[in-house]
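Could you use the hints to bring the two separately framed chains together as a complex?
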Amino acid sequence: MSTGPGLDEKLLIRRVLAGDASAERELYDQHVDRVYRLCYRMANGDADLAQDFTQESFVRAFDRLGDFRGEAALSTWLHSIAVSVALNGMRNVKRHRERETELDGVREMGSATRHAEPDLKQRLRGAIEALPERYKVVFVMYDVEGYTHEEIGRVLDMPAGTSKARLSRARAKLREALAEFAGEWAT
Amino acid sequence: MTKDDEKFTEFLHELLEEMPDVPEPPREEIWARIEEARRERRSQASLFRRRGPLIGWGLGLAATLVLGIGLGRMLNQPEDSTRPVARTTRGPTMSDAEMLPYRLAAQQHLTRTEALLTGYVRDVQSGRTREVASWAQDLLINTRLLRDSPAARDPETARLLEDLELHLAQIANLSGSDADELVMIQQSIERNNMLLRLRAATASGPAAGIRGE
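So the sequence lines, in the order shown, correspond to chains G and B.
All letters in the first sequence, in the order written, are residues 1167 to 1353 by this note's numbering.
All letters in the second sequence, in the order written, are residues 27 to 239 by this note's numbering.
Only chain B is shown next, with the shape it has when bound in the complex (with noise of 0.2 Å):
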């Protein structure tokens, strides 16, 4: 260190010293909001617990998906295999009893993802970023599955998982708490009445097609 290193150095402390102090911190103030984080992250915990079993069950949907589609594609396969395959939502007509499956998985699959909406901000600000978005990847690898079934046969359902798809893709790249990436992607879900589409296609029922709803 120079002489004038430290003449600086000197000086640099003096003008440390006469700046203000750190104030008392509040410490019950501190102390009960801790414990109100606390309460309420184990509610979240709790809450995650609960869902832990749908999402096993949702891995559990997308391997059967994926050996179902995979099935299908190789019954499927166009003589001339020079030709582009068509996409499963395209394939050949099944009965009512042969899409009910699918049907059901999408409507499964639609209450979970609903339930990931509704409550993924507040999971994220309680610091649970990283299983949102584990569990928003789960549920995007199942849209993208279903979006290639025959469950996306129908138009309305077919639109309702591509922006699905957008949503989830947003929430599984989530890596902090960031306000305002948060509310850019609540703002995207809002705009697409993610949440209203979700409610009306599952309150119609696995069966609704089936019934000419």
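So that you can see chain G by itself, here it is in the shape it has in the complex (with noise of 0.2 Å):
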């Protein structure tokens, strides 16, 4: 991720704002692999989900592209859409879901039946999904998907800094999560 537009990017967006729908496709060809890739993790590797939160960016982002000052990549812009939608969809499916299980846990009240211990790989699963928000996402960019902490900044808009100091809390919350396996990278 540069810094700002390139030419050919300002150009394509200039072709969007004009109306050019083979632009929006263009423009829409560039990105949607990593918006989509961004949008499944933080979706917790829901493939629906995810589906659902690269659409509401692009819808978003062709709405607001005349808003796009061009003070950073057009990727960045992009990716910062797809934080914001994937954090607020998110909100919701966790709100969603939180309402759900109170039903149920009242439907198989007597019945509820202890499941077997979740593996290393599966808690280490539900370990970055109970993540805060603001840790989760810097773990995911960086650690997953490999973004810098300069480039997390950006899409963030905070502080690189900002973005380590997180990395390392997300980090340390996910090792009290697995401290029961401790033996396996102790050794």
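Just so you know, the hints here were simulated from the structure itself, not pulled from any lab data.
Glycine included, every Cβ here is placed at the ideal spot set by N, Cα and C.
Where hints are given, some of them may not hold.
Taking CB as the label site, the calculated pair distances span [said to hold, decoys possible]:
| # | chain 1 | residue 1 | chain 2 | residue 2 | range |
| --- | --- | --- | --- | --- | --- |
| 1 | B | N218 | G | A1345 | 50 to 60 Å |
| 2 | G | K1176 | B | R64 | 14 to 24 Å |
| 3 | G | E1316 | B | P52 | 26 to 36 Å |
| 4 | B | Q151 | G | A1331 | 32 to 42 Å |
Written out as structure tokens, the structure reads:
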């Protein structure tokens, strides 16, 4: 991700703003894979949600492209929209699931069975899902998707140092969550 | 970073590498959905543009009602100013001709409210919550003004405006597209038969009371 839009990108944006449908598709093709990856990770691997978030991200981006000032690369701007869409979407999903869990809890009272202890990977997946969103987004972007702290800082509009601090906090939380497997990394 | 931290980070990265990779995005399917959503939003936007003058007119109505109600209260001020002022709905008798503008205003207000209640769920779901909330806020102001006006002398209209005030306040306070919140509001609108009552009220026309209907 560069720090500002290149000439080709500026021309592409101009064509989109002028109503060129083929330019819209070109812009989409250039960015959809990374936007989808980010949405997929933020949606904890739920492909349906990832598609919803990707769709909404591009719809918003096309709606607001006129507001894009070109201070950062278009990808940075798009990824910040995707993060915002995914975080909002996941908040709604979480609220919905909490209500469902409450109802299921009532229905299953007395017939609950103890599930098998999840293995290490399942536990890790659960621990990532359970991270507070400000840590999760940095962890997913840096450790899972390979963004740099500078890129994360630009996408999330914060200093790179904050990104580093949040990553460190995220890893510490994961370590706590996986404490019972400590033998596996301490050896 | 301590040695232990480094070991954990290394271990974490090994685990992450073993995690299943992100599947290929269904690019065509997502693109089709984007185009469909944008088409829908464009038609919503044009609907809002068409409604725009009505909202402006509504604000005009609000201003007129404020002035009218204010003047009415001044003119009907009881001699003993320490006594509580009666609501204008219980004010002096007005002739049919004097009532007609209020009834007309109420009718037009109810028609616009019906339009909001018919389409707000779809509007919110397509991301226009802010516009919907602002529109509901305008209608809420008018509803309150009408409740304090001679238009609310008819008990049926008074009840209708009272219920509308509640629903419009709920919609005006919407801040996102929370499906559960929408379901809750919609259920309460359906429980109160709002659309049916609004249609019945607007179908009778502004001269209904005058004709003795």
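Right, here's what the structure says about each hint:
For the pair N218 of chain B and A1345 of chain G, the beta carbons lie near 54 Å from each other, so the given range of 50 to 60 Å is met. In this structure, K1176 of chain G and R64 of chain B meet the distance hint of 14 to 24 Å, their C-beta atoms being roughly 23 Å apart. Between E1316 of chain G and P52 of chain B the beta carbon distance is about 32 Å. The supplied range of 26 to 36 Å therefore holds. Between Q151 of chain B and A1331 of chain G the CB atoms are about 38 Å apart, so this pair conforms to the stated range of 32 to 42 Å.
In summary, this structure violates none of the numbered hints.
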